[in-house]
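S.K.: Okay, here's what each chain looks like letter by letter:
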Amino acid sequence: MTAEVTVATGTGGLGTDMVLNIGPQHPSTHGVLRLRLKLDGERVISAEPIIGYMHRGAEKLFEVRDYRQILVLTNRHDWLSAFSNELGAALAVERLMGIEVPERAVWLRTALAELNRVLNHLMFLGSYPLEIGAITPVFYAFRERETLQAVMEEISGGRMHYMFNRVGGLKEEAPAGWTSRARDAIGLVEKRLPDLDRLIRRNDIFMARTVGVGVLTAAQAAAYGASGPVARASGLDFDLRRDEPYLAYGSLKVPVVVRTAGDCHSRFEVLLDQVYVSLELARQCLDRVDQIKGPVNVRLPKVVKAPEGHTYAWTENPLGINGYYLVSRGEKTPWRLKLRTASFANVQALSTLLPGCLVPDLIAILGSMFFVVGDVDK
Amino acid sequence: MSGVPGYGLGKGLAITLKTLVSRSTTQQYPDVAPELPPRSRGVIALREENCTVCMLCARECPDWCIYIDSHKEEVVVPGAARPRQRNVLDRFDIDFSLCMYCGICIEACPFDALFWSPEFEYAEYDIRNLLHDKDRLNEWMATVPAPPAHDPQGEPSKEEANALKKAGAA
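These protein sequence lines are chains A and B, in that order.
So the first sequence is numbered by the UniProt record's numbering: it starts at 1 and just counts up by one.
So the second sequence is numbered by the UniProt record's numbering: it starts at 1 and just counts up by one.
Just so you know, these hints were derived from the structure itself, not from any lab.
Where hints are given, some of them may not hold.
What the hints assert, rightly or not - List of simulated lysine to aspartate or glutamate pairs, DMTMM-like, C-alpha gap at most 25 Å:
#1 B/K158 - A/E131
#2 B/K18 - A/D273
#3 A/K302 - B/E35
#4 A/K338 - A/E59
#5 B/K11 - A/E190
#6 A/K302 - B/E155
#7 A/K305 - B/E107
#8 A/K293 - B/E159
#9 B/K72 - B/D112
#10 B/K134 - B/E60
#11 A/K253 - A/D290
#12 A/K171 - B/E124
#13 A/K293 - A/D273
#14 A/K302 - B/E160
#15 B/K158 - A/D66
#16 A/K171 - B/E74
#17 B/K166 - B/E155
#18 A/K171 - B/D126
#19 A/K60 - B/E60
#20 A/K293 - B/E35
#21 B/K18 - A/E153
#22 A/K305 - A/D273
#23 A/K171 - B/E119
#24 B/K158 - A/E59
#25 B/K11 - A/E131
#26 B/K18 - A/E190
#27 B/K18 - A/E59
#28 B/K158 - A/E153
#29 A/K293 - B/E121
#30 A/K305 - A/E63
#31 A/K305 - B/E60
#32 A/K171 - B/D135
#33 A/K332 - B/E107
#34 A/K302 - B/E119
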């Protein structure tokens, strides 16, 4: 069969393939991710994510910072999961130094990590519909974010870069009455979250754009090392909070939200349902914090030096598995601190996910992979 | 989930309607100042007379945005055998265009010369003006709030514990 194709001037002789760049400056890439697409009309033949536009050399910078200064940088590679990031780095150093973190700090950290997860998910629950044309949900998502951010700011002083973890615990004790105010905020968000839920989850237009679009199979997700909500939406039932508990997760019952469809809509649903789960977990942690007396940090030597050795600390970050491989030669700075980020692995799956889809679906898929460019490029 | 087409849309519009008739959450920012908690990290204030030019803050800063110059002065103390040496601060600048607002300098300061203030309205048209000198940093001292009391379940703050110890000793 022969097809007659009319192409624009200047493309004669090039065949029907068109190479299109999405990004690096494109609103739907949340920053500077570039995709090189080969198109056949409206259909994507191949897609290649080109990363590195926001590379800041975080791993190299770690090597010339002491363990307190490193937390400043870990705050920033995934700016939406700042607390979970600094937590992972602190856990790695604590394990190498053999520090036992006081129980009160462990439960406070767990509560804050869950609140951070809610904040992260709310951001995507607002921005994802925005990308595919629904501008309303973002206002509802940010109303909830603001409520929780006030709580985080009261305890840590920061709204995004909390800088509240320290090697051996937390920076300082919570202000008097903070736990009850945090519980109030959680209650308020829980009460208002169904608004966001009803607004978008079953919206006909939203479903038309996302159901059955961008299906990632469990095997593909595993092959690309995808983790977190993206992998769980494909039926990859893996959550470090349950499977390899750190902090206080071992004594909590962590319900893991799993979907099997693997399409954009199920990825969105996993995120939405995880918010309910995390709010409940945070409340349980705060109740425990109120029952435990004691310090929230340990006395450290004047110069914190991790003994010679290496360790790998991984945590279930909001976007997936985040790991720090710490190699120390006994100095006050790490010899090497390798960073394994969730977004980096998740973005790689785009090259199999995008071919075959239409250009309008591309944005729906891209947005549903839930990545932070800083976390991709490090 | 209902099979009726447009059901999800209708449900969403019901939320919109509900929000339309309820109180708005908008904050009238420039007219109404936001209420910020005392720990809020807005700007760093310097109490100059507490600074001993030990340089700990400048060394601990993760991106080295604190600039300190000083000279030594001799102070003759009546009755002492020889005059004492004292550090005098000539320059204490913080470059807020570099500052990452981590608070390590404040934590590192052993003499309570640095404090957080929740003030945040110091945007500039020229990036060079974000370098605050010691006079400007001193002015922020007036805006530093008292620290919040600690949760009674946890340990009291270092200042409280020290004060208690002193009261017990006296």
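S.K.: State for each hint whether it applies.
M.R.: Hint by hint, here is what the structure shows:
no.: 1; hint: B/K158 - A/E131; result: 49 Å, violated
no.: 2; hint: B/K18 - A/D273; result: 23 Å, holds
no.: 3; hint: A/K302 - B/E35; result: 36 Å, violated
no.: 4; hint: A/K338 - A/E59; result: 6 Å, holds
no.: 5; hint: B/K11 - A/E190; result: 19 Å, holds
no.: 6; hint: A/K302 - B/E155; result: 21 Å, holds
no.: 7; hint: A/K305 - B/E107; result: 18 Å, holds
no.: 8; hint: A/K293 - B/E159; result: 19 Å, holds
no.: 9; hint: B/K72 - B/D112; result: 21 Å, holds
no.: 10; hint: B/K134 - B/E60; result: 19 Å, holds
no.: 11; hint: A/K253 - A/D290; result: 19 Å, holds
no.: 12; hint: A/K171 - B/E124; result: 31 Å, violated
no.: 13; hint: A/K293 - A/D273; result: 33 Å, violated
no.: 14; hint: A/K302 - B/E160; result: 22 Å, holds
no.: 15; hint: B/K158 - A/D66; result: 24 Å, holds
no.: 16; hint: A/K171 - B/E74; result: 39 Å, violated
no.: 17; hint: B/K166 - B/E155; result: 17 Å, holds
no.: 18; hint: A/K171 - B/D126; result: 34 Å, violated
no.: 19; hint: A/K60 - B/E60; result: 18 Å, holds
no.: 20; hint: A/K293 - B/E35; result: 30 Å, violated
no.: 21; hint: B/K18 - A/E153; result: 30 Å, violated
no.: 22; hint: A/K305 - A/D273; result: 41 Å, violated
no.: 23; hint: A/K171 - B/E119; result: 22 Å, holds
no.: 24; hint: B/K158 - A/E59; result: 35 Å, violated
no.: 25; hint: B/K11 - A/E131; result: 21 Å, holds
no.: 26; hint: B/K18 - A/E190; result: 17 Å, holds
no.: 27; hint: B/K18 - A/E59; result: 49 Å, violated
no.: 28; hint: B/K158 - A/E153; result: 21 Å, holds
no.: 29; hint: A/K293 - B/E121; result: 39 Å, violated
no.: 30; hint: A/K305 - A/E63; result: 13 Å, holds
no.: 31; hint: A/K305 - B/E60; result: 15 Å, holds
no.: 32; hint: A/K171 - B/D135; result: 29 Å, violated
no.: 33; hint: A/K332 - B/E107; result: 18 Å, holds
no.: 34; hint: A/K302 - B/E119; result: 31 Å, violated
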